[in-house]
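Following the hints, position chain C against chain H.
Number of protein chains: 2
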Amino acid sequence: EIADAAEKLLPAPQGRLSGRKVVITAGPTHEPVDPVRFVGNRSSGKQGYAIAAACRNEGADVTLISGPVSLPAPSGCDVIHVQTAREMMAATEQALPADVFIACAAVADYRPAVETPHKVKKERGGLTAIDLIENPDILATISQLDVGRPQLVVGFAAETDDVLGHAETKRARKKCDWIVANDVSPGTPSMGGDKNEVTIITGDDDESLPMMAKDMLGAHLARRIADKLDQG
Amino acid sequence: EIADAAEKLLPAPQGRLSGRKVVITAGPTHEPVDPVRFVGNRSSGKQGYAIAAACRNEGADVTLISGPVSLPAPSGCDVIHVQTAREMMAATEQALPADVFIACAAVADYRPAVETPHKVKKERGGLTAIDLIENPDILATISQLDVGRPQLVVGFAAETDDVLGHAETKRARKKCDWIVANDVSPGTPSMGGDKNEVTIITGDDDESLPMMAKDMLGAHLARRIADKLDQG
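Chains as they are written, first to last, in the working numbering: chain H, 775 to 1006; chain C, 775 to 1006.
Isolated chain H (complex conformation) (with noise of 0.2 Å):
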């Protein structure tokens, strides 16, 4: 920690994001049922993190909003932990302005309409049902944002079937500027594992990845960043 602490103190690496500010969603979000039951979402955060570690080693300014997962904080980001989507959304808009904003995290889109304040009891009645409300949807609030929107908007699909379809339809609703998909089908590997194949959608260019390493992935992607705001 006191390494961690030093590293923030010194100037940041010299890197193709140096003097950029960027801020990236990672992991699920827990919505609270009551105090120990919830609805989430699988996602181990692996490849936000990956991808924090890669802008901060491209010498980028670095704010990783985290939702519940078990990893190290990469060395010389500033970490928020939050629960859930709507601690994500006041967490990020609290983190702009930035340069680029990079929605990986797997947000729930419902959150329970009622939270209990005591543990739902089986045999006082239980529970029949979740009556679930949409929750604010942070990829499109920062797309959309009138003033001080960031200038690169990356936006994730996990999709299950038709992919690409699904991921360039989100790409349009949201209005953010690129969108990285990927198939999350129950044996693919991307969920939880160290592996991710994806296909980054950007109108002009898209570009189909073979399966990589998600730390590769990481670095590929912030390269491509540094791309795109070197043409300004």
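Quick caveat, the hints were computed from the structure, so don't treat them as lab data. Any given hint could turn out to be false.
Identical copies carry no separate label here, and so any pair may be met within one copy or between two of them.
Derived lysine to aspartate or glutamate pairs resembling EDC-like cross-links, with alpha carbons at most 20 Å apart [claimed, not checked]:
no. : residue 1 : residue 2
1   : K893      : D905
2   : K896      : E908
3   : K893      : D957
4   : K949      : D979
5   : K948      : D936
6   : K893      : E971
7   : K1002     : D951
8   : K893      : D935
9   : K895      : D905
10  : K795      : D852
11  : K896      : D935
12  : K895      : D957
13  : K895      : E942
14  : K949      : D978
15  : K969      : D957
16  : K948      : D980
17  : K1002     : D980
18  : K896      : D936
19  : K895      : D911
20  : K795      : D873
21  : K896      : D911
Small disclaimer: the values here were computed from a predicted structure and weren't measured.
Frame of chain H; chain C shown alone:
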């Protein structure tokens, strides 16, 4: 892993539980809504893993049936990984017969009535509610086995209000021998932390323990179990 495999081949250490078989469940269960969403419980698995390690240290043959957690397998224990309550039930039945069954897992009482094989899309109408059905009750089932019931069945009661009252009721309803009651209200260190404060309810010599490390509580419980088995 080689050291671990070697350890399993060695005769069990001489201890007060030597020659005894102990089956322990630990961690949460995750009940799928679709390939990316689930309903889960907050449980780190630390207390169950600590009890498994302590029983092994006393010489027991330990099978640890674990929900999704981020903990290293305790050395010398057989660990079976499961996701859902139904998988945990099946693994428990398969691990019997045993002298002792300790139900430390935070098993989901309910699961989604329907598991959708593809990701439910928000823009296709989405989810307005998750209908729930009851899961099998592992503790009650094992406590009430006509044939092959373990000599000692220990449950856990994580409660947020009237902790001892609810725990005593749970012990009577499920027909386990002992129940370990703890307060998991927000703000207590039990959930996710390294300490726990419990009352062991046995029906004749209840014991309220001070706050202690989960490892220490595991060792204490292993000694009390050995005392009980020694009494026959």
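Hint check:
1. Taking identical chains as interchangeable, the C-alpha atoms of K893 and D905 lie at most 20 Å apart whether they share a chain (16 Å) or sit on different chains (18 Å).
2. Within a single copy, K896 and E908 get their C-alpha atoms only as close as 26 Å, which misses the 20 Å cut-off; across copies the closest is 9 Å, which meets it.
3. Proximity of K893 and D957 under a CA criterion of 20 Å is satisfied inter-copy only: 11 Å between copies versus 36 Å inside one chain copy.
4. With identical chains, the CA atoms of K949 and D979 are at most 20 Å apart within one copy only, with a shortest distance of 17 Å there and 65 Å across copies.
5. Taking CA atoms no more than 20 Å apart as the test, K948 paired with D936 passes inside one copy only; the shortest distance there is 18 Å, against 47 Å between copies.
6. Within a single copy, K893 and E971 get their C-alpha atoms only as close as 40 Å, which misses the 20 Å cut-off; across copies the closest is 18 Å, which meets it.
7. Only within a single protomer do K1002 and D951 lie at most 20 Å apart by alpha-carbon distance; the minimum there is 11 Å, versus 66 Å between protomers.
8. In this homomeric assembly, K893 and D935 come within 20 Å of each other (Cα to Cα) only across copies, at 8 Å, whereas the closest approach inside a single copy is 37 Å.
9. Proximity of K895 to D905 under the C-alpha cut-off of 20 Å is found in both arrangements, the shortest distances being 17 Å within a copy and 17 Å between copies.
10. In this assembly of identical chains, K795 and D852 lie within 20 Å of each other by CA distance solely inside one copy; the values are 11 Å within and 47 Å between copies.
11. In this assembly of identical chains, K896 and D935 lie within 20 Å of each other by CA distance solely across copies; the values are 14 Å between and 36 Å within a copy.
12. In this assembly of identical chains, the alpha carbons of K895 and D957 lie at most 20 Å apart only when taken from different copies (15 Å versus 38 Å within one copy).
13. Taking the shortest Cα distances, K895 and E942 sit within 20 Å of each other only across copies (14 Å), while inside one copy they are farther apart (44 Å).
14. For the homomeric pair K949 and D978, the shortest alpha-carbon distance inside one copy (15 Å) is at most 20 Å, but the shortest distance between copies (66 Å) is not.
15. Only within a single protomer do K969 and D957 lie at most 20 Å apart by alpha-carbon distance; the minimum there is 12 Å, versus 40 Å between protomers.
16. For the homomeric pair K948 and D980, the shortest alpha-carbon distance inside one copy (18 Å) is at most 20 Å, but the shortest distance between copies (58 Å) is not.
17. In the homo-oligomer, the alpha carbons of K1002 and D980 lie at most 20 Å apart inside one protomer (13 Å), although the nearest pairing across protomers, at 67 Å, exceeds that limit.
18. Proximity of K896 and D936 under a CA criterion of 20 Å is satisfied inter-copy only: 15 Å between copies versus 40 Å inside one chain copy.
19. With identical chains, the CA atoms of K895 and D911 are at most 20 Å apart between copies only, with a shortest distance of 14 Å across copies and 32 Å within one.
20. Proximity of K795 and D873 under a CA criterion of 20 Å is satisfied intra-copy only: 5 Å inside one chain copy versus 59 Å between copies.
21. Taking identical chains as interchangeable, the C-alpha atoms of K896 and D911 lie at most 20 Å apart only when they sit on different chains, with a minimum of 11 Å there against 33 Å within one chain.
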